[in-house]
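Chemist: What follows is each chain in one-letter form.
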Amino acid sequence: MDNQPFIEAYQEINSRFIKLLSSMSALRALSGFEIKYRNEGEIIADSLAVLLDYHELDYVAIFMYEEHKHTLKQVASKCWNNDEKHPPSKYNGLCDRHQDLLAQVENTGEVQQINQIPGEEFSGSASAIPIHGSDTLMGVFLACHPGDEFFSVTNERNLLIYCNFLGQMIMNNRLLHSMDDMVSERTQQLQRALNEASELKRRYEELSIIDELTQLHNRRFFFPETLAGLAQAIRYKKPFSLLVMDLDHFKIINDRYGHVMGDEVLRGIAATFKAEIRDVDILARFGGEEFVLALPETDERGAMIMAERIRKKIKALRWQAEGREISITLTIGITEFENCSSQDHVNALDEMIQQADQALYHGKDNGRDQFNTYSYIACLMDTGEQAK
Amino acid sequence: MTSLSTQTVYDDIRLTVHGMQDLPAISPMSTKLLSVIGDDRLSIHQLADIIRQDASLGGRIIGLANAAYFGQREPITSVEDAIFKALGLRLTQNMALGIALSGPFNSQVHCAAFDMHGFWLKAVLTANLAQSLSRLVRSDLRIDVDIAYLAGLLHELGLLPLVYLFPEQMNTFFTCRLTRHEHLREILRKELGTDQHEVGAWLAMNWQIPPAIVDVIAHHADPDYDGEHTLLVLLVRCCSRWAMLYMENGVWDGLPEETETLLEYTGIGRSEMLKVLKQQHVKFEAMESMAHELVES
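Order-wise, the sequence lines are chains G and Z.
Sequential numbering from 1 applies to the first sequence in the numbering used here.
Sequential numbering from 389 applies to the second sequence in the numbering used here.
For the record, the hints were derived by calculation from the structure and aren't laboratory data.
Don't be surprised by glycine CBs; every beta carbon is placed ideally from N, CA and C.
The reader is advised that the hints may include incorrect statements.
[Claimed, not checked] For the chain Z half of the interface with chain G, some residues (derived, Cβ under 10 Å), not all of them:
| no. | residue |
| --- | --- |
| 1 | T394 |
| 2 | V397 |
| 3 | D399 |
| 4 | R402 |
| 5 | L452 |
| 6 | A456 |
| 7 | G459 |
| 8 | D469 |
| 9 | L477 |
| 10 | N482 |
| 11 | L485 |
| 12 | L489 |
| 13 | A600 |
| 14 | T618 |
| 15 | L619 |
[To be verified] Over the 12 Å line for every Cβ pair with chain Z, so calculated as not near, a few chain G residues:
| no. | residue |
| --- | --- |
| 16 | H145 |
| 17 | E264 |
| 18 | G287 |
| 19 | G288 |
I would like the entire structure built from these sequences, with the hints used as guidance.
Modeler: Shown next as structure tokens:
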């Protein structure tokens, strides 16, 4: 029997089978690519290496559109000898026919090929295949083979499938990256908003206990702090004093030099107070020009020394306004816990504030720029009562 | 001899080898395939035995099994694995049959100076030696016995496409080698711009043969080779030299100079080695007479 027809049929089928197997192998290798955390250039270069492994090609290159640009740029190329830096000289530059081929794909969006490139520099065949992602043309794949008429329908079909896969892969990679970028941008925005919110929170919390003008604590801070200190003093039978301080004729400064000047005076006073007190002392701005100072572990005598020191310091302060020198004085009322009838710290504090106020008004009524203790004015009041 | 443009010839050879999908079988055993193929009782091992003794068949079958399509994690290096893990009995049988059907590798017609029978014997002997010795190599050096066999079988694969594609030219070169006492490799370099080792590596890569074996094909003739597979290359070079000397003399006489390096490198004892050579002597004689019968019939 003549085997020849069978042999030829076998060889034909075998050749197709092996080409299909190679094509499937290339697709399988491509499908196994890890695209996460890799840039597009690397993925494209690897995809070309796979193609060269499985298709009998001599030279392959991929051209992509740059972002927001309308011209194709070569992003990767590979040669059969796997030596990108020293490709055979004929691939150093693409010939005009290759450029035409790319342009035709750009215009038509369809596969284009040339079967013989005349000229000494280059001979053989080339095929240019569009790379689509969704419906957009993202780039062009160029394959060269030194043999004439290499790109049969089957070959071209196999390469087209490969390019479609590659296009989808690049598209997914871009989506993944843009999603990553978007997530990181949104995260940054959120972080900024969060920082702003916590800064605001901190500020409002501070504002509620801090007097914005003088940066001293206000009543909201003073009462709980002082009550705690006083309770402790009562429990451990320690002395505890309270000073109420009021600037003399402060209204005149405001009226004459304006609120800006008044504010500056208040800030100066506050700074002086802060410099004079101890860490354990509790100082607060109570109202316009009224301040209160609680002195733990300090008896009336100690409080008097402190009051006198503060009075002198304040009196020595100077400001300049409208070419004139401004100064101010301070009247202080003092009391200590020992003067209180109540042993309950809440009532005791109310009582102490009233007592200190009385001592303060006594000073105001008697020429200002002075301190008085409640025990002293109580004595005076007793004498007055008796005199009546 | 006509002087051709070496670059053009080089490009032509590369192109043809690159597109080469298979080669006719060379072993006298492969003709047996035609007689047993209709036999449903043909076992995988019988089929594997036939394929294993032929560089064209074995190389192609193992190469196909290594195509990414079959998704093997580790490269396939034995014919059995090619059948069991990737191709299956039917496909292997059909591929082998097709190759066998293409007719014997008839070098005698146009390339009388190429000793096909000797080529085949040397390949199988080298393969058997490499496989037996690889079992004795220190375990930490990790030489796979199947890779060693396949590397031995295919190490001179490159000669086949050259003889197949350029029988007349190769005939001249073989004759030249004898008359001028030049190495074939140098003649080929001069005349074609390439040599049997480079061509063999092209074909092996094209056939998806595992890289270790491609390295052996490309470098086994290079005594200074130092690369990823130095040990395997040294082993095959040594076995190939032994096989050649043995075929020339019919006895294990005058061990090649590489022997000492190999023994030192692999930790194989001299007595163990001699035992292997003795076993192979027995095997070889049986193989030769069987081949003789097959050719005669």
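Chemist: Tell me, which hint numbers fail for this structure?
Modeler: 1, 2, 8, 9, 13, 14, 15 and 16
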